[in-house]
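Protein chains in written order, with our numbering: chain A, 1020 to 1288; chain B, 8 to 624.
Please keep in mind that the hints were generated in silico from the structure rather than gathered at the bench.
Take the hints with a grain of salt, since some may be wrong.
Claimed, not checked - Restraint ranges, calculated between C-beta atoms of paired labels, are given here:
no., chain 1, residue 1, chain 2, residue 2, range
1, B, Gly300, A, Pro1245, 56 to 64 angstroms
2, B, Glu156, A, Met1231, 47 to 55 angstroms
3, B, Arg414, A, Arg1234, 32 to 40 angstroms
4, A, Met1231, B, Leu405, 28 to 36 angstroms
5, B, Leu549, A, Pro1185, 49 to 57 angstroms
6, B, Pro250, A, Pro1238, 41 to 49 angstroms
Stated by the list, open to error - Within a straight-line C-alpha distance of at most 20 angstroms, the following computed EDC-like cross-link-like pairs (lysine to aspartate or glutamate) qualify:
no., chain 1, residue 1, chain 2, residue 2
7, B, Lys535, A, Asp1035
8, A, Lys1052, B, Glu270
9, B, Lys535, A, Glu1054
10, A, Lys1077, A, Asp1035
11, A, Lys1244, A, Asp1114
12, A, Lys1077, A, Asp1179
13, B, Lys535, A, Glu1041
14, A, Lys1259, A, Asp1035
15, A, Lys1092, A, Asp1035
16, B, Lys521, A, Glu1041
17, B, Lys210, B, Glu606
18, A, Lys1242, B, Asp44
19, B, Lys42, B, Glu403
20, A, Lys1287, A, Asp1272
21, B, Lys210, B, Glu547
22, B, Lys491, B, Glu471
23, B, Lys586, A, Asp1035
24, B, Lys467, B, Asp244
25, A, Lys1077, A, Glu1184
26, A, Lys1259, A, Glu1041
27, B, Lys210, A, Glu1221
28, A, Lys1094, A, Glu1054
29, B, Lys337, B, Asp140
30, B, Lys521, B, Asp140
31, A, Lys1094, A, Glu1041
32, B, Lys586, A, Asp1272
33, B, Lys586, B, Glu547
Claimed, not checked - A partial selection of chain A residues facing chain B, derived with a Cβ cut-off under 7 angstroms:
no., residue
34, Met1056
35, Gln1096
36, Asn1224
37, Val1228
None of these values were measured; they are calculated from a predicted model.
Quick reminder that beta carbons are idealized off the backbone N, C-alpha and C, glycines included.
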Amino acid sequence: MADPFHIVVCGSLVPDPLQTLEPVAGAQGPGLKNETMLPAVLDPWAGHALFEAANLAKQVAGSQVWLVTLGPKAKLQQLMMTIAQKVPFQLVVLDGTASGFADAHEVATALATAIQGIPGLDRNRLLLFGGCASASRDSGVTLQLVGEQLGIRDQFLGVDELGIEPDGALHILERVEGGQYQVSRCVAPPAVLAWATGSLPEPHNNPQVGMMNMRTIMPQLQKAKPVTVGCAGIQYDTVKLPSQRRDTRVVRDVPAADIAREIVDWLKA
Amino acid sequence: MGSVERQSMDVDIVCAGFGPATGGFMTTLSRALLKPDGQPALESRVMPGMPLQVVCYERADDIGFGVSGVVTRARALRASFPDVDLMQIPMAHPVRHEQVLYLMDPVGASRRPAALRALDAIVRLGRALHQSDHEAVVLPHIPEFISKEDGLLLSIGQFNQWVGNQLQSTGLVQIWPGMPVKEPLFENNRVAGVRLVDQGVDKHGHPEANYMPGMDIRAGLTVVGDGPVGPVGRKLDEHLGMPLGHHQRDWAVGMKAVIELPEGCPLEPGTVLHTLGFPEPEIFGFLYVYPGGLASAGIFVPSWFDSPVRTSYRYLQHWMQHPRLWSYLKGGTLRSWGAKSIQEAGRRGEPWLVGDGFARIGEGSGSTNVLTNSGVDEAWFTGVLLAEAVIELSREGLPYTRDHLERTYVARRRASWLQKEIEIAEKARDGFQRGVLTGLFGMGLTGLTGGRLNLSTASKRPAERIPSLETYCHQLFGPAELAKLRADAAQGQRPLHDALMDRCGWPPIVPDGKLLISHQDALLLGGKVQAPAGYADHVEFLYPNLCEQCDAKVCIEVCSGQAITPGGTGGVPAFDREKCVHCGACIWNCSSSRPEDPERGNIEFRAGAGGLHSSEN
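Isolated chain A (complex conformation) (with noise of 0.2 angstroms):
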């Protein structure tokens, strides 16, 4: 039996994709156009991380689980409306943007240092869970950085499944080109974690687990602190969404055959 984990996942808001996306260059750098009105989800590949999380620590007895996130608050309270249904966690809260143009060492250095001050973590059974990409506009790096200013070298960065083998070590699969996957074999935590989608379902929203959450989370919400990360000094020359081509068609009782043919024509037109 694994001794408990103690796993930091970190992970932000993006604006919900399902939204009509912009970009518009601000004051402050690249943003979206009204993106305060936008409503937020927690970032696609952060939530698979946290998923996984929760579920190993579901069969790890013991083991606990953190959400540490930088975003503005205010939106960050909106979102856990959603998140907190979800699975256990507790939070931590840095108030600040959660732009994706804003400098990756910024903010890790942001969330290393509030993952270093949450009471009772011990880094040696730290597993640091993130995304392994981020639909935020970031470069993709963050949790990289995080994991190196927090001194952990075993670093995974592309994790599609976690086992956890009888003498707890972590039997990590991680994908890699051809539909292949590398095996690892780490020792013993601390280690980072980069999650491309695992494969678990997204959980039930369960009223329990709200309000088991929301317990916790309320205060840790008030009493987030300000952080300043940004991208002074840094120029983007142009800054763009990726084409989108839209041709809706209904159709029924089309062999599926047939459809991606008429894909396979269109993404080659």
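Knowing the structure of chain A, use the given hints to seat chain B on it.
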């Protein structure tokens, strides 16, 4: 899987649905929960030593999704936030300029009565002399009872999010989106709380892997604020019936778009346009201009529109292209889109407001003023009044029985400005039962006499207002051609309305890829519809034989998201949960009444998860 235990949780107050009414309730109540020293002022029965435990469950994936924009006088809102500048709410703006536009028919396909055609001819003659503008006439005077000149423009999506954040930041109440409430829990004619929907089920509700029975939330008071199509309110109505003389027969579906106005558009923020006359005389429209070059524009298709061709989407496209409106909107871009059913029976639609263990607030409680066309502020106020009643009862240590709620909540409501105004408005729309001109005359009569004179008439059930397709078409083409159009639509599994409107002379919609887009693209661009896995379908056709006998199938024509489509053989429509925007129009657009209840159609609209992800509505 059937052995999975259903869990239960005790709270003091559970609210079903988070809209303006529940916002008003929770805002008022949360301010009274603690003493200045932080000790509970209103003590919980389920957690002694703590303040009242108040929880709200909202169906949509987030608060403020899939609702609507509004112009409101905001009397109750301002009273609730006397020291707050409401302009801090995104998209809020004071009303600056208000007009009522009579829109003539520029295409010749509108089904206008002779009197309106004559009016159009006279106006056109005048136009030749006076160059009136773009097939529209600005009414010289806006009656005081309609005017919102001292009011506010709000995006209800943004407003609800703002209120929700204020509430959550107190840490005193909880709001949980993405959690549909299935039904009230009845115990010996008392409402003992609510049951949440089952998760981990197939589309028919059968348990699958990860089955989790919906939790029972037991509460001393269940606050029903789930709107006119909410499952808790409608279950209560089924269980209790309506008070004598009350009914919920009058409805409208409001469909709207939030539009990024084109560069150079002359409309200033705070502009409010009300329209009538086009695309059909029965269809009214609105256009509100927000800050930042955004506008909310849409139409209302009412239940007294005696047509089986109730396609809000196509009518919305024709309305936007009316020359007067198109002069503002051409070149604009759709940012958001949505639809909602509005309960327009007003005071007559008031159900039993209270009972042992429950109280009803908001639009579903009959608070909408059908004369002034306002409901948000009124809904908010009902929540405020209930909160004041709850505070009084809690301070007295009394349970939430029918008698106690009558003495506190209902008495407050009866003594309020709200009651006085909705009583004046009660018969204001009766004239529309006989036609649009009679209706307009009746509204004017009621409004100008303060309700002393009305054009009252008996109302019909929604199903009785839907003529057959043969009746609709008989002046234009014969049954043989209708049969062919019908057969073609059935073969293509398409709604019939496009073919009928084309045949009636409506010009085709030429997409511009920005504002004039296909119905499905409106779903995709306008906020996107989500249907999370693991929930049952929330629309069910109860008696298949009734669908098989039904020719009109208005449920298909009216469906705001094209979620209801012609089914396979047999005639029962198909339902696609992934397109449903939860507007509830199918509830009152069924031409077949249930055998056991002629007031209700053959469609059961249950609690469902997902829906639109649109916060700019």
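Going through the hints against the structure:
| no. | hint | verdict |
| --- | --- | --- |
| 1 | Gly300/B to Pro1245/A: 56 to 64 angstroms | violated (32 angstroms) |
| 2 | Glu156/B to Met1231/A: 47 to 55 angstroms | holds (49 angstroms) |
| 3 | Arg414/B to Arg1234/A: 32 to 40 angstroms | holds (35 angstroms) |
| 4 | Met1231/A to Leu405/B: 28 to 36 angstroms | holds (30 angstroms) |
| 5 | Leu549/B to Pro1185/A: 49 to 57 angstroms | holds (56 angstroms) |
| 6 | Pro250/B to Pro1238/A: 41 to 49 angstroms | holds (46 angstroms) |
| 7 | Lys535/B to Asp1035/A | holds (10 angstroms) |
| 8 | Lys1052/A to Glu270/B | holds (16 angstroms) |
| 9 | Lys535/B to Glu1054/A | holds (18 angstroms) |
| 10 | Lys1077/A to Asp1035/A | violated (29 angstroms) |
| 11 | Lys1244/A to Asp1114/A | holds (6 angstroms) |
| 12 | Lys1077/A to Asp1179/A | holds (18 angstroms) |
| 13 | Lys535/B to Glu1041/A | holds (16 angstroms) |
| 14 | Lys1259/A to Asp1035/A | holds (17 angstroms) |
| 15 | Lys1092/A to Asp1035/A | holds (17 angstroms) |
| 16 | Lys521/B to Glu1041/A | holds (14 angstroms) |
| 17 | Lys210/B to Glu606/B | violated (27 angstroms) |
| 18 | Lys1242/A to Asp44/B | holds (19 angstroms) |
| 19 | Lys42/B to Glu403/B | holds (16 angstroms) |
| 20 | Lys1287/A to Asp1272/A | violated (24 angstroms) |
| 21 | Lys210/B to Glu547/B | holds (10 angstroms) |
| 22 | Lys491/B to Glu471/B | violated (26 angstroms) |
| 23 | Lys586/B to Asp1035/A | holds (18 angstroms) |
| 24 | Lys467/B to Asp244/B | holds (19 angstroms) |
| 25 | Lys1077/A to Glu1184/A | holds (16 angstroms) |
| 26 | Lys1259/A to Glu1041/A | holds (8 angstroms) |
| 27 | Lys210/B to Glu1221/A | holds (18 angstroms) |
| 28 | Lys1094/A to Glu1054/A | holds (11 angstroms) |
| 29 | Lys337/B to Asp140/B | holds (16 angstroms) |
| 30 | Lys521/B to Asp140/B | violated (25 angstroms) |
| 31 | Lys1094/A to Glu1041/A | holds (19 angstroms) |
| 32 | Lys586/B to Asp1272/A | holds (18 angstroms) |
| 33 | Lys586/B to Glu547/B | holds (15 angstroms) |
| 34 | Met1056 | holds (5 angstroms) |
| 35 | Gln1096 | holds (5 angstroms) |
| 36 | Asn1224 | holds (5 angstroms) |
| 37 | Val1228 | violated (10 angstroms) |
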